[in-house]
Amino acid sequence: MRIDDEAILSCAERPARKGFAGGFDAAARGDNPFCGDQLEVRVAVRPGADGAPVIERAAFDGYACTLCAACADALLEHAEGMRVRDAAELSLDDVLALWGGLEVGRTRRGCVELPLVVLKRALVLLQ
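Residue numbers for the sequence shown follow my numbering, so the first one is 640 and each next one is one higher.
Careful, some of the hints might be misleading.
Cβ pair distances, simulated, as ranges [stated by the list, open to error]:
(1) 683 x 745: 31 to 39 Å
(2) 646 x 765: 29 to 37 Å
(3) 720 x 760: 18 to 26 Å
(4) 716 x 672: 24 to 32 Å
(5) 660 x 760: 15 to 23 Å
(6) 695 x 672: 26 to 34 Å
(7) 649 x 764: 29 to 37 Å
(8) 689 x 662: 17 to 25 Å
(9) 731 x 672: 13 to 21 Å
(10) 725 x 655: 20 to 28 Å
(11) 679 x 652: 14 to 22 Å
Just so you know, these hints were derived from the structure itself, not from any lab.
Keep in mind the model is a prediction, meaning the values are calculated, not measured.
By construction, the Cβ of each residue, glycine as well, lies at the ideal position given by its N, Cα and C atoms.
All chains, full assembly: derive it from the sequences and hints.
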């Protein structure tokens, strides 16, 4: 998949997980100085069946380019329902796989990685 694929453009235009409503248990911010993206990610957790915390809700807000917004939305959707410790182990390759093996060059890597970095910052606060 390419970064100008219709699925990415559509997701970025109407991200389901953009905006904050309700309470959250942790939040973190980050930016990508190369393109100007600035994100805040918030997560709400609940105890899972084994007692380990599970991500109940995850959302983002801020300024993000099309690629960053689409990746944030897809990542947070994927993270919902995951144990916090499993979500904390997600990688850049996992985010790329959410888009069927999205290929990005070095200059756009930060756009894909920013939501992951900020999510992990928020999850650290829960441990």
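Quick rundown of the hints versus the structure:
1. 683 x 745: 31 to 39 Å: Taking Cβ atoms as reference, residue 683 and residue 745 lie about 34 Å apart, which means the hint holds.
2. 646 x 765: 29 to 37 Å: Holds - the Cβ-Cβ distance for residue 646 and residue 765, about 31 Å, lies within 29 to 37 Å.
3. 720 x 760: 18 to 26 Å: Check passed, 20 Å falls within 18 to 26 Å.
4. 716 x 672: 24 to 32 Å: holds, 27 Å
5. 660 x 760: 15 to 23 Å: holds, 21 Å
6. 695 x 672: 26 to 34 Å: Distance hint for residue 695, residue 672 holds at roughly 32 Å.
7. 649 x 764: 29 to 37 Å: holds, 32 Å
8. 689 x 662: 17 to 25 Å: Since residue 689 and residue 662 have Cβ atoms about 23 Å apart, the given range 17 to 25 Å holds.
9. 731 x 672: 13 to 21 Å: Holds, at about 18 Å.
10. 725 x 655: 20 to 28 Å: holds, 21 Å
11. 679 x 652: 14 to 22 Å: holds, 20 Å
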